[in-house]
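**Q** One line per chain: the protein sequences are W and X, in this order.
At position 292 of the first sequence (counting the first as 1) the number is 334 in this note's numbering, and the numbers step up by one without a gap.
At position 237 of the second sequence (counting the first as 1) the number is 239 in this note's numbering, and the numbers step up by one without a gap.
Derived by calculation from the structure, the hints in this document are not laboratory data.
Glycine is no exception: its CB is placed at the ideal position from the N, C-alpha and C atoms.
Incomplete in silico selection of chain W near chain X, CB under 10 Å:
| hint | residue |
| --- | --- |
| 1 | Tyr225 |
| 2 | Gly228 |
| 3 | Arg351 |
| 4 | Ile355 |
| 5 | Phe362 |
| 6 | Gln372 |
| 7 | Phe396 |
If you want the building blocks of each chain, they are given just below.
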Amino acid sequence: MNTRNNTVSQGIDWTIVTLYAILVSIGILCIFMVEYRTGSNWFQLFLGGKTNYSKQLMFAGVCTLIATFILLADSKLFTAFANLTYAFGILLMLATFVIGKDIKGSKSWIALGGGFNLQPAELCKIFVALALAKYLSMQNTDFTKAKSQLIACGIVLVPAVLARLQHETGLALVYLSFFIAMYREGLPASILVIGISFGALVVATLIVEPNTLAITLTIIAAMIIYISWRQIKRNIRLLAIIIVTWAICVGVQRFAVPYIFNNVFECYQSQRIYSAVGKDYDCSQNKNNKSIEQPGLKVSFKPDDYNVRQSKIAIGSGRFWGRGFLKGTQTRGKYVPEQHTDFIFTSLGEAFGFVGCFGFLGLYLFLLLRIIKIAERQRSAFSRVYAYSVAFIIYFIKA
Amino acid sequence: MSVFNQSRGRVIQIIFFVIFIVIVGQLINLQIFSSKYRLAAENNAIFRKIVYPDRGIIFDRKKRAMLENTISYDLVVTPVESKGTDTLFLCSILNIDTTEYKKRMREIIFKNTSVKPSIFEPLLTQELYAKLYENMYKFPGFILTDRSVRTYPYNTGAQVLGYIAEVDTGFLRRHKDDGYEMGDYAGMNGLERTYEKVLMGERGIKRYIRDNKSRIQGAYENGLFDTSAIAGRNLYTSVDVEVQQLAEKLLQNKIGSAVAINPKTGGIIAMVSSPNYNPNSLTGSERKKNLGRMLLDTSRPMFNRAIKGQYPPGSTFKPLGAVIALDEGLITPGYGFPCYGSYTSCGVVVKCEHKNAGHAGSLRLALANSCNAYFSQIFRMSIDNPTYRNPQVGYLKWKEYMNSFGMGRTLDVDLPSENRASVPDTAVYNKAYGKNRWNSCTILTLGIGQDKMTATPMQLANMMCIIANKGYYYTPHFVDSIEHESTTDTSMLGKYRRKHVVTSTSDTVFRAVHDGMHDVTIYGTAAGIKVPGVEYCAKTGTAQNPHGKNHSLFVCFAPKENPTIAIAVIVENAGFGSTWAGPIGAFMMEKYLNDTIATDRLAEVERISNANLIPDAIKQWYARKDVQRQAKLAMEAASKAEMNADLKNINADDEEDSSSTPATDKKINTEKTNPTKDRKNNKANQRVGALFINQSKRLKVVSTKA
Numbered sequence: 043m044n045t046r047n048n049t050v051s052q053g054i055d056w057t058i059v060t061l062y063a064i065l066v067s068i069g070i071l072c073i074f075m076v077e078y079r080t081g082s083n084w085f086q087l088f089l090g091g092k093t094n095y096s097k098q099l100m101f102a103g104v105c106t107l108i109a110t111f112i113l114l115a116d117s118k119l120f121t122a123f124a125n126l127t128y129a130f131g132i133l134l135m136l137a138t139f140v141i142g143k144d145i146k147g148s149k150s151w152i153a154l155g156g157g158f159n160l161q162p163a164e165l166c167k168i169f170v171a172l173a174l175a176k177y178l179s180m181q182n183t184d185f186t187k188a189k190s191q192l193i194a195c196g197i198v199l200v201p202a203v204l205a206r207l208q209h210e211t212g213l214a215l216v217y218l219s220f221f222i223a224m225y226r227e228g229l230p231a232s233i234l235v236i237g238i239s240f241g242a243l244v245v246a247t248l249i250v251e252p253n254t255l256a257i258t259l260t261i262i263a264a265m266i267i268y269i270s271w272r273q274i275k276r277n278i279r280l281l282a283i284i285i286v287t288w289a290i291c292v293g294v295q296r297f298a299v300p301y302i303f304n305n306v307f308e309c310y311q312s313q314r315i316y317s318a319v320g321k322d323y324d325c326s327q328n329k330n331n332k333s334i335e336q337p338g339l340k341v342s343f344k345p346d347d348y349n350v351r352q353s354k355i356a357i358g359s360g361r362f363w364g365r366g367f368l369k370g371t372q373t374r375g376k377y378v379p380e381q382h383t384d385f386i387f388t389s390l391g392e393a394f395g396f397v398g399c400f401g402f403l404g405l406y407l408f409l410l411l412r413i414i415k416i417a418e419r420q421r422s423a424f425s426r427v428y429a430y431s432v433a434f435i436i437y438f439i440k441a
Numbered sequence: 003m004s005v006f007n008q009s010r011g012r013v014i015q016i017i018f019f020v021i022f023i024v025i026v027g028q029l030i031n032l033q034i035f036s037s038k039y040r041l042a043a044e045n046n047a048i049f050r051k052i053v054y055p056d057r058g059i060i061f062d063r064k065k066r067a068m069l070e071n072t073i074s075y076d077l078v079v080t081p082v083e084s085k086g087t088d089t090l091f092l093c094s095i096l097n098i099d100t101t102e103y104k105k106r107m108r109e110i111i112f113k114n115t116s117v118k119p120s121i122f123e124p125l126l127t128q129e130l131y132a133k134l135y136e137n138m139y140k141f142p143g144f145i146l147t148d149r150s151v152r153t154y155p156y157n158t159g160a161q162v163l164g165y166i167a168e169v170d171t172g173f174l175r176r177h178k179d180d181g182y183e184m185g186d187y188a189g190m191n192g193l194e195r196t197y198e199k200v201l202m203g204e205r206g207i208k209r210y211i212r213d214n215k216s217r218i219q220g221a222y223e224n225g226l227f228d229t230s231a232i233a234g235r236n237l238y239t240s241v242d243v244e245v246q247q248l249a250e251k252l253l254q255n256k257i258g259s260a261v262a263i264n265p266k267t268g269g270i271i272a273m274v275s276s277p278n279y280n281p282n283s284l285t286g287s288e289r290k291k292n293l294g295r296m297l298l299d300t301s302r303p304m305f306n307r308a309i310k311g312q313y314p315p316g317s318t319f320k321p322l323g324a325v326i327a328l329d330e331g332l333i334t335p336g337y338g339f340p341c342y343g344s345y346t347s348c349g350v351v352v353k354c355e356h357k358n359a360g361h362a363g364s365l366r367l368a369l370a371n372s373c374n375a376y377f378s379q380i381f382r383m384s385i386d387n388p389t390y391r392n393p394q395v396g397y398l399k400w401k402e403y404m405n406s407f408g409m410g411r412t413l414d415v416d417l418p419s420e421n422r423a424s425v426p427d428t429a430v431y432n433k434a435y436g437k438n439r440w441n442s443c444t445i446l447t448l449g450i451g452q453d454k455m456t457a458t459p460m461q462l463a464n465m466m467c468i469i470a471n472k473g474y475y476y477t478p479h480f481v482d483s484i485e486h487e488s489t490t491d492t493s494m495l496g497k498y499r500r501k502h503v504v505t506s507t508s509d510t511v512f513r514a515v516h517d518g519m520h521d522v523t524i525y526g527t528a529a530g531i532k533v534p535g536v537e538y539c540a541k542t543g544t545a546q547n548p549h550g551k552n553h554s555l556f557v558c559f560a561p562k563e564n565p566t567i568a569i570a571v572i573v574e575n576a577g578f579g580s581t582w583a584g585p586i587g588a589f590m591m592e593k594y595l596n597d598t599i600a601t602d603r604l605a606e607v608e609r610i611s612n613a614n615l616i617p618d619a620i621k622q623w624y625a626r627k628d629v630q631r632q633a634k635l636a637m638e639a640a641s642k643a644e645m646n647a648d649l650k651n652i653n654a655d656d657e658e659d660s661s662s663t664p665a666t667d668k669k670i671n672t673e674k675t676n677p678t679k680d681r682k683n684n685k686a687n688q689r690v691g692a693l694f695i696n697q698s699k700r701l702k703v704v705s706t707k708a
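Extracted from the complex, chain X is given alone in its bound form (with noise of 0.2 Å):
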């Protein structure tokens, strides 16, 4: 018995072993063969939490702030935490029922859990922030926290700063390596997307240990691989906020654009495309709203057509037509046409504005009258240059001229997605009239501006820069520096410090076209319009445009010797370019060189600022969307008034509930339901109709900014 047993205790002995080694063996597996466990403990319990750094500010060219960031407020609420609160003071400060309040935390409990901090209230104003702050210790389980947001004190520059919005699953897509993470903001237009990398700074990181509930424990490993926020570098651009907002308010209720640009170093001074937007409109919580409608209007409010509008050129293309024909040696300023009130050596008919014989007897007389004529002559002389075996040759060289201006191409200005215009290639023209089947009369409108040829108002702002430099000019450009430039952004910004000489063309002869451009401010087209104090040099046009009336242009510089400023304007639509465009270039002049406008001029800016040039489609579009609007204002009162009716049981029910509660709670509750049943009913109502999926999009914005 004995022995047996003892094997047995042997046996039992093994089986222990055995379950050990099984154990250890396991051990074994989980500890040292796989690595998948400590990393995966890692990403459970270590968060990451992004310090987000200022973004950076831009200035114009007197360090004036075109935009800034500013603290706003926020009110959040960790549900848990919040027994005890004062519900009904903070309703009170809020202006909110009680009914509310729950509706509000029962959300907030829905989407974020009770354990995590959520926004009760976004975008607090000053006062509402002050009130809130000294009762703070009376509301348990809120807090408020700030967050950067932009503001632009100026109000100006909407197209040209752009915005920076929330980004999305396709930008992380293109920005794989840039370390953006969902909920980051990062710039979607203007200055602010060119420059996003320079303004955005270096984000930190720090790393909190976090319990299973995603509560913060501590910082891991006592901070030691945490990062500190580096924040965003200014920007100082060209632009004169005083000028830029002169010329927006000029363009109000029009369609156009407005260019101005320093010749002497290329930075653009102000650049407006009408219809323009508020920049803070974009910002805080109005700004998917706002956004949506602007991309809906039919005027196309974020459209910048100061860089992507394409515009025939017209006269205003006839000095640089002058400046090719002689760089290229075929004319001298005195040569001269004779015109008797047309060209026709084509056969087609191109009409002059002027009959007396002699109006085009030099470069000068030509451009001052702005002789159709003439401009067509040198035209058809460029591309029948003897030199060049036909017209087709002639024709890409005169082509690579205008490249070399800038003209149909992109400038490579500091902005997204600039548009190249046109300067038609060879290839459009064979396709049209069959190969080698064209020449220079088949293109003859060219010389005057017309045809297939489509400027940008900055490409003409440009092409008034490299006449008033004489033969040479910089890119267009906002950004002269960046505050401790590194050598990236040097040679970022290289290629706005380099002088592009196009010309070969003497001084003396461009010297012929300044005087006709003047001429045409003393007795020409722009007689009409004076900067006072200044000598300008000008050129008008009145573009024909085959959608409607024509388009109102002008271009310009001054002062007339060492110019300081070049400027295209054009309003759409607007049939003479004296008289709408010329005097808002002028008044764009006079600010920028006066620093103010002449007080007897100033009723002059308000008429032309109160000219309402909307084309009548346009604002037919605009009457049925507000017949539309009233339509459902109209709707939603008649779902109030409903919403009304169901209320009012509601509230005769909580009334019976808190027939317990303190007499004097009973009164506040009664004062407070008028206006808050308003807004409670404005919220419902939202869900009516289409607005709620925006709505519902806001809210989710607001709680991933959480």
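So here's chain W without its partners, still in its complex pose (with noise of 0.2 Å):
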């Protein structure tokens, strides 16, 4: 979690710090329930450094110190950096591609030593909100041109691109948040209509039956047509646009969504996508699967969605109090691969259950609405820009 305290002017937003601290907290207290090993010496191992708790204590000491720094620099620092830093983040991912080392067939980390890794994926999200704001803030810059927004959407997208070529899918899409931030800032809002619009559209692709959907949707623009017929016989490119959409929806439900999880998402990423809607996704369409196969490349593929179904499981076992702390089997077994990162929440959800869980989305959500009433209140749209971005960052890595 790479996100900075706030400053407002040079006032600290208690609230902010102490929830981020609470957050923090508990983040390191599942990773200390991954770790932990019945009879082990959990203390020394701590001091030893060597477990992924102290290393994310370390990490969050050290940001800590950064935070102060940051608290203390003059704000106008980071405008004027802001587009040195971007160009910075985008040279480090392009170098991820020269040095970059091998963690679970993505070459996208830079190894730093003493354990540490770095991904520039991951620290380039906090230079691109720089830019973005400092891009959107700059007085000759109009928002509602479109000029002005392919720019925006090109300083976010480049880096988007870069972590998908280096297989960070999941990343690429964090990437994508910065969208919600610049329909605040004008962004048509259409444009968040139809995104949403897709999204809605592939969810429906994946459950439905292809064909089933098709009709369905034929149908539905068949009754819009009948029921706006007099507006059509008045304007006859309502027609046309109704034809449109209604082809470019048949197409994507046809065409573009098999591409993307077949072609642009990792097969590990589509079964997740496939079996969160209760599916099951045969791997052996995906192209990426092959590339992964070939020899040299020793990763240990589960042919089945094992990842999230352990998950499932875990959070499912949770019940309403959860199981205990130290005390979920499914944790203590590890049973959920990768827990430590991508899964934790699953150790939250096993250990405190639904109680558990909410209250830390809770908390979430209180820090998020914080962040964006703090945004609100900014003179500067930079600062404004900027916050949001931050609050949309910490909200994807969540979700």
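Take the two lone chains and join them into the complex the hints point to.
**A** Okay, here's the thing in structure tokens:
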């Protein structure tokens, strides 16, 4: 979690600091639960710094230090360096292709030594936020113009594409959250609507049989035409719009979605999304599947939705009150793969149940709303955009 | 602009809320409304380890253990932890070479992953165990685990004791509620099966937490739900191990059976069916192979002839025929029949061994001389009893007597699958001769123990008990008492403690039967058979056998006054009852009553034991099997030579590879090649032919045991 404590001019919003500190503590606690072994001297291990939770704690300490510096620094500094850092971030990401280290099939890490690794795509999010904020706050930027909108999109999409090329689709998707920040600053609502509609359509494609969905879409189109027949009589262009929309919808449903799932996403991601709506995904269709099976790349490939199933079991077994601290069998038995990273939430769900999860999410929501509230208070567009971006970054990490 | 942006800010807040609610909704669904996940988590993580109790021990009447449990050790390895093991040293202890070691490791990892413990070498010998034990510190990843194995210190009573084996799916289906699981052992035959519930004890269950690779992480809830194992309870039987051993020895190289019962209690002293097998051959690693071989054996060593073999009782039935006639009041002990060498009243001639007048002048004389005519006559009298309307009703009455004596029905001994043999129903004769178109003449030879009547050796021994007891018996059984007897045990054993009074004949009348049978041993057919210092009563039989030479039968009880042992012996296709069956019965009585065999009679024991009376057909079958085995061995030898050639090449390669290793190591390697090569070849050769299936099955068993 790479966010910094935000400053409101010279004052510090202690609520956010507290919330953030609590959330970080919960995070470290969760990692501790994952790593804990019965009978092992955890305190010694902790001091040894070899475990993930002690690493995380050290990281949090370093962050606090940096945060202090940031607080002390003049806020103009960020505006000044925004473009520079953005360039630096992109450069780092490009460098990853050359000096990157293989970790679990994705070449997106740079080894820093001492067991620490840096993922430039992760770091770059902040730089993108800064750059975007700077661009939107520039005096000569008129965000109602299509040109500025395109440039803003470009700022966001370049690192997104790079992240995707590093097989980090999840991170690439995080960059899309900047679009919501842009929406706040005047990006046409239609883009958001189209985006959400697209999302709905994708989900519909996954759940509903392709032919059934096509027929349903056709019927909906026909009904709209029928209802708005009078308007169409007056304005023939409306008919064209409806038909084009229908054609795009069917096209997306028939071709685009399968293409995305088979060619853009990694096999496991497709599976994760499919199983989220309760469907099975056939990995043999996935193009990336083959590239991963290349000799030399030793990736243990689970042919089913093992990860998702085990995470569901972990969260589900928590029930209302949870199984108690360090008592989760799924966590203790290491049934959930990568539990200390991607699936950390499962340990929380198992140990503290619905109550714990709800509390955690509540804190999270509170933090986000707090950030937005502060963002709205900002006089400078720069700060506002930056705050929004930060809010969405945090949000998407979770989701 | 500001207003516009404010509303957009609101929209974004709404988006946050919507997503928050969606996630919470999912959580509610997962955590509150679906209970299957908790269950799935427990199935994942809780490993129920069954702690096997020691099975109960079976003792003979003098509290000698007929079978025991011993601990056998397996060498178990967890491959991932075995790095740093002194492989060379381990191989030299186990007498294998490193190639074999690597091969086994590969197989283990392939079959049971590298993180779970698997058996590397099963059933270690004492010597091997000791050697390994003191060097275990050199072999990280290897441990010695114990398991309980049955042993039979007296090598006796295989068919009676039965055996235990891993349960199969059919067994699990039949015993759904008894809590068996795959990999359990259960009694499959004999007493092990009948008293399974007593012997098995109660298994303990320990619950552990395991991780995603099935490695144990610790006790579940600190052992709160664990139960401890309760050892199986012991059985105290009436068997006399020494009599049993003697009877087995006497019956070896013969097909036949001997049963000895204590008439006072119904407790079985010895029960032998020959050919039999060494019970120790069905424990340990050779079990599968031996079992398969025995099941295919034409002489059926697994078949307990004592309770399943059906033999015509022949003359041994005569005392019982007399008891029926006496009890019905048709004859008195003084009844005589004028026999001049045959019974002719029915048209068909039943020959008698004796011609002299008066040899059937009384019951006692008729029994002593085994007069066929006399017993044909009294049988007819029973059937044609004027009390009953017709011979069919008379026969039914006679059959009722027989059934009450335990003939033609199962006696309910405490062994599984007892045969009831046959006392035919009227339906059988109605079918054969037409309804009511048969009479006492048609079925005349029933009276001398032939016709359609058969009995198991145990039924014959029980018959002797009834006569010895003068009219009552206890159901024959092995188990006298159970350790810490519970009420269910008592009700189970209750039927063996109930006295069955089957006649109303007075003791004085029975005396005539006893005297007649005693006379048999004085001047009758058993005159040549003596038991030193014991007066006994007996009856020989030579049952005609439609399939070959006559069966040799002998029934007896001793001592004459206050008998404590009743015996029935059958030797198939051995001719006269007095030649083979008689002496066997006599030695059993002597052993039981005198505790030893008189030294001057030991030679006779050896003579009988060495006599081979197995029918030619079966001998030929064995000869054929031998030829086949020879052929197979020759074939194996041929392929062995081939393998040797291959192996030399492989070894040559190995040598090249290991050229960098120190010279001493190399020396050991080369020294070891010869013996180990052979062993390896044997294994390889077993792949040739049908044995491959056995081998793989055995491996499977071993792996499941682990």
